[in-house]
Amino acid sequence: MGLGVILVASILCLTGCWGKREVEELAPLIGVGFDLGEKPGTFLITHQYSVPKKGGSTGSEIEDRTFSIEASSARESIEKISKVTFRSPFMGSLKVMVIGEDLAKAGDFNDILDFAQRFAEFRRSMYLVLAKGKAQDILNTKLRSGLLPAMAIKNTIEGGDEISCFPTVRLGHYLTILGTKITAPILPVVESVKSGEGLEYKAKGNDEAGEIRLQGAGVLRGDHFIDFLSNEETKGYMWLENDVLHRLISTVGIEEDKVNFAGHVLKSKTKYKVQDIDGTIGLHYQIKASIAVDEVLGVKKQFSNPEWLELMKGAEKSLAKVIEKECKLSIKKERELGLDFLGIGRHIEQKNPKYWKTIKDDWEGKIADFPLSLDVQVVIHHSGMSGSSATTNSPGEGQE
Amino acid sequence: MERISQHQFMTLGAAVLMGTTFFPIASVVTGVGGRDGWMSVLPGFAVGIPYGLMVLSLVKRYPGKNLLQISETLFGKWIGKVIGVLYILITGYFGGLLLGQVGDIYQASAMPLTPISVFYLGGMLVVFCLVWSGIEVFARFSEVVFSVTVIALLLEVGLSIPRIEQGELFPILSEGFKPLFWGGIKVVPFAMEYILFLAGLAAFLPSSMSNQAMGQLKAGVWRAVLVVGILNTLVTLMQILVFGPTETIRLVYGLLVLGNIVEVSRTIAGVETLFLGVWLGALVIKVSAFYFTVLWGLETVFSLQGLKWNLAVGIVFLGIAFMFTRGHSLIQEIGFVDNYLIFPFAAVWILALWGVAIWKKRTST
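Each protein sequence line maps, in turn, to chains A and B. FYI, in this note's numbering the residues of the first sequence are 301 to 700. FYI, in this note's numbering the residues of the second sequence are 740 to 1104.
Chain B with its partners taken away, still in its complex shape (with noise of 0.2 Å):
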């Protein structure tokens, strides 16, 4: 069996979190927090902190297994089959949006000529040999693909900074601590949609961890929430600086807007589409681990595996992305699946394992 590195875990483990949350992030915080949304991006991502630990304890009670194959352990198998065909199912259908999202941006705002159809086939050519060169490729390609990602948006981040507006941050906290609850309860389930791709990956784990291989993994998880965290909070801030805050809800992509508007000494202009490049990186990653998740959840439930499941699995995403090719009926979705299945099924089911664990350990000492 395949295995990664504690490093690899940190930066896949970011490369997941991160995905293409840098593009929704500012309208979602701002739409509910106001002008203070930016606050709550980093403790709204904390929460996967918490939660990464307790997949962690889990991996080292029961190594070398996964989380579903946990639950059927804990919960007994009918139970653990059913979670395990919610999991199936939500990851599945959340991955296929996340490919139907590859079409909506690039039509929307660099290839209006191009058939949506390309886009989803093309990224699901990569999005498939991805996954069929296995998890250590894909690890590999994660740390290839977060560095650049990482360089790109401090960039457009440094680069925008022309482009602030006087005073638009302020003031502060003038609405008190209750938008910035509400903010944190929205980035929450990008936070779970990271815990779901941890959940099949601690099968990938060591299968026997010293203590300081388990200190190094869980070091990095709260190193790839902090800076996810702290990346995204900064770009939401600059959207806020820029834009204002109504402006920031109103605007579906804003990060590419700002990468619209960036001008370097009056030569460089609208380097949006260097953002497309970066940004389909991290889409295909996000839809990459979605895929990884189905293809685990089909062979721990079902015992399904092999090309013939792959290509079914890929097909599956493909049919939902063509279900979903008007782009604000997808964003909609996008939200709904985020806010509505991911949040509460990985909040109960996480919490609800790792408690029954606790509870059987002291039990049977």
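So that you can see chain A by itself, here it is in the shape it has in the complex (with noise of 0.2 Å):
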């Protein structure tokens, strides 16, 4: 009887009545954007939050809620926000970081993200994504979609990898990438868009985005933005940091070719050795892509098998051609910023340590001329529905 009424107690005890919260007084927190503060030694937090939407036609509508505060801490941007609203935010459901452009040129915003890697509500498997311009425009943002603009770059990174075209950085990754000391991080860039920047849209407002897009890439040292990737570097990046899920690839403009090819990657692979490059210790990548041709531009004529067979066979030296020079634009920037953002002294300390030890004390100096040699195999596995396009005649064709 006695142990009974202890086991009761110590079930009570441990139901944790003291710190419950009600699911609908909680704000889940979807995206938070930090930029600079006007004053010094402060920031500009934007919380995205999402709110049920009333007269939803299904329970997962949300309406966005967002707001902006100049706060020296997270914490005291929350407790400011706590004074407008009567939710209790929820970290948890954060799924989108995005650091403002000033923010990351100023450095130091470590500072700011300790709070998430501190804080058990938050996970580690948040996205980490640097705006171009100021982080409380991009969520701001009124998406044609009706998206939040958070959840639409949760979106757009969980679907990236069909295009594998930017990094996908999340927080655990940065912490780990600055944990190395010698790789220098990246982190995918979002920028909105307006009509007619490189995208044609029937705009809501005048003159305002009514999309993100996320493109190209920013390197740190650190937690200090230093440059932007083009997008075919940051393309360049992924090929070499075997990123690559899936890709979409052409080869238009790469050759003088009439005949031009497009496909996705079905399967990539980036192998690395060290070994001797023109007589000194360098890195090698062997790179090898499996690609499915969806498009065949500029045929002119029918071919027969044997013909097509030749063409898709100087398609696999043109789309590898494409490979390589992603690649060499991400390591020629490399070289020009002497920052490890391909974490090569990683490859080497991993394959050869022995060497790494008598190079890593001035590794950052060593960048620019490290050798470095590229080899990519491209195989072609088939190239669709058919096999020659269809033809027009040409005039005096059909006389012969």
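Possibly wrong hints are sitting among the right ones.
BS3-like mimics (lysine-lysine), calculated; alpha carbons at most 27 Å apart, straight line [as the list claims (entries may be wrong)]:
| # | chain 1 | residue 1 | chain 2 | residue 2 |
| --- | --- | --- | --- | --- |
| 1 | A | Lys666 | A | Lys654 |
| 2 | A | Lys654 | B | Lys917 |
| 3 | A | Lys613 | A | Lys569 |
| 4 | B | Lys917 | A | Lys651 |
| 5 | A | Lys654 | A | Lys481 |
| 6 | A | Lys481 | B | Lys917 |
| 7 | A | Lys502 | A | Lys558 |
| 8 | A | Lys657 | B | Lys917 |
| 9 | A | Lys660 | B | Lys917 |
| 10 | A | Lys588 | A | Lys628 |
| 11 | A | Lys405 | A | Lys339 |
| 12 | B | Lys1100 | B | Lys816 |
| 13 | A | Lys573 | A | Lys666 |
| 14 | A | Lys625 | A | Lys558 |
| 15 | A | Lys628 | A | Lys613 |
What the hints contain is simulated information worked out from the structure, not anything from laboratory work. Note that the coordinates shown come from a computational prediction; the quantities given were computed from them, not determined experimentally.
Taking the hints as your guide, dock the two standalone chains into a single complex.
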């Protein structure tokens, strides 16, 4: 009997009723943006909450509730926001953190990220992105799709494997890279896109962006922004980092050939070897990609089977050149910046730790002329549902 | 007197040896052994095998006695009493600190608004119930909780695979074997905690043992050590693979962070609270084990037993827990007791006791 009473008492004590928070009292935080505050030592922190849409046709419809607060710490911003909203912010739902360009350039944004990696409610699996411009503007964009910008960024990142054009960086990954001390972190770049800026659409308001786009990346030294990578340089980074799952790829513009190819990458693998390159130890990249050709452009005649086979062999070489070009652009950028965002140092450390110990102290100084070589092999698995393309008869052809 | 079976000896031993080692182990071994720290976990735990076998050889020679009683027989009454007092103080202090960890981890990770005293009192009540029910009930409780702990750990390690970062495990052995040695040294205290528990548990083993029964007990020791060593190696390995060595060292409760980022088909996420439940069961086992050691010590050294002394030990445990409401000083103190009290005390005491027993046997023949 006595034991029973004690057991019941212990169960009651461990229910956690003291700290309970009802779901309807919580404001799920979906996105956070960090910009430089006007006052020194402050941040402009934008919180994007979702609230259930009243009268929505489904229970999952949500409305935007976004606030920007100037504060010197994340906790201070939450205190200020709690004064205007009756719900208490819930961090466990946070999907995206947007770092504003001005803050990234000023550096030291790790201070404001500290809360996210320390407070247990947050998840290290949230995504980090770098804004071109202000993070506040990105999160305040009224998207034509009706999605919250933070959700749109999350969805684009999670669908990013289909195109593998920008890196996926979770908070945990960023912290792991920082921990290596030799690799420069990289963040995907998000920008708002007005109609006409590489994309045409019917805008709702005047001169207001109605879409956001993830394109390119930003290279950091620690938590200081150094430079942007172009779209092509970022694609090169993706190949060299073995981050390409699927990719859409085209040879248009790579050669003067009249026939061009476009397709999608079925699978890709990048291997690293530390080996002798022109008499000194260097890093050799070997990229193997399997591609399916989806488009053949510029075909003016019907090909026989052997001719088509030859054409596809040519396509393999052309596609390899595209990959090679992207990789070389990325390597060139690494050398220019003198920052190891490609993680070459880590590859050397992994493959040849003895040699790494001899060069690690002056690694950044060696990046500019460190020997690198590249071997790209493409295999075209198929060219879709047809062999030769449909062709129109050229004048005179039918008369022959 | 209560007795436990050979199988219960194995599972109870494994449950006590495992305890909550899966929380600090990755940070501890990576802190001294770096990227290769995971390789030092199993050898570190394996130190428990020879010590466990020494305890069993003493049990065979002095059946029905715990090691405190054997110490009085072999070293003389007063030296035996001094050892007994040290045994009570060290295990009692450590048990109280572990009780304090219940509050620290729950407040830091899942229930920040609940008063810390609730965790202490709730945990203490469960521990008290178990201890009051006796060693046999405790052994059965351990059998159930240990199985759940193993399943939870394997599940967490498996579900974390998609979060592995490329190449974080390499290079292997770039700094040679020295870091492994230092990493192993940090693991040995965990094995010594188990040995201190075995020292008291010895009295509850079957008093007359055939060679076959003794063989089963010996197998129980190495099986317990291997299972716990391998599980902790996997836990450490996964944290290094996911977080990298620098972050693994920095994270206080890395396994919970790992649970926090586990995701199943973007549907189930953040299962760390489930692991917290398992961890509570494991911690209750560990605190109960040290509660038992204090009670055995009091009974052997001062002939103190009964509900009154049982409650007194509980109050002391609570007092120690309330002394360390600052999480960081609590973790530092646990590390201090492990490395500088439990490790040297158990390592020297058991070895000396076994050595003297062998020497006396030889001189008597």
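Hints, verified against the model:
At roughly 17 Å between alpha-carbon atoms, Lys666 of chain A and Lys654 of chain A fall within 27 Å of each other, so this suggested pair holds. Proposed proximity of Lys654 of chain A and Lys917 of chain B is supported: the alpha carbons are some 16 Å apart, at most 27 Å. Among the hinted pairs, Lys613 of chain A with Lys569 of chain A is consistent with the structure: their alpha-carbon atoms are about 20 Å apart, no more than 27 Å. Distance check on the hinted pair: Lys917 of chain B and Lys651 of chain A sit about 21 Å apart at the alpha-carbon level, within 27 Å; holds.
Taking the CA atoms of Lys654 of chain A and Lys481 of chain A, the gap is near 18 Å; set against the 27 Å cutoff, the hint holds. Straight-line distance between C-alpha atoms of Lys481 of chain A and Lys917 of chain B comes to about 23 Å, which keeps the hinted pair within the 27 Å bound. Restraint check for Lys502 of chain A and Lys558 of chain A: not satisfied, since their Cα atoms lie roughly 35 Å apart, outside the 27 Å limit. A distance of roughly 17 Å separates the Cα atoms of Lys657 of chain A and Lys917 of chain B; the hinted pair therefore holds under the 27 Å criterion.
For the hint pairing Lys660 of chain A with Lys917 of chain B, the CA-to-CA distance comes to about 21 Å; that is within 27 Å, so the pair holds. For the given pair, Lys588 of chain A sits about 16 Å from Lys628 of chain A by alpha-carbon distance, which is consistent with the 27 Å threshold. This hinted pair checks out: Lys405 of chain A and Lys339 of chain A have alpha carbons roughly 16 Å apart, not beyond 27 Å. Restraint check: the Cα-Cα separation between Lys1100 of chain B and Lys816 of chain B comes to about 19 Å, which is no more than 27 Å; the hinted pair holds.
For a cut-off of 27 Å, the pair hint linking Lys573 of chain A to Lys666 of chain A stands: about 18 Å separates their Cα positions. Between Lys625 of chain A and Lys558 of chain A the CA atoms are separated by roughly 19 Å; this keeps the pair inside 27 Å, and the hint holds. Proximity of Lys628 of chain A to Lys613 of chain A is assessed by CA-CA distance (about 23 Å); at most 27 Å being required, the pair is judged to hold.
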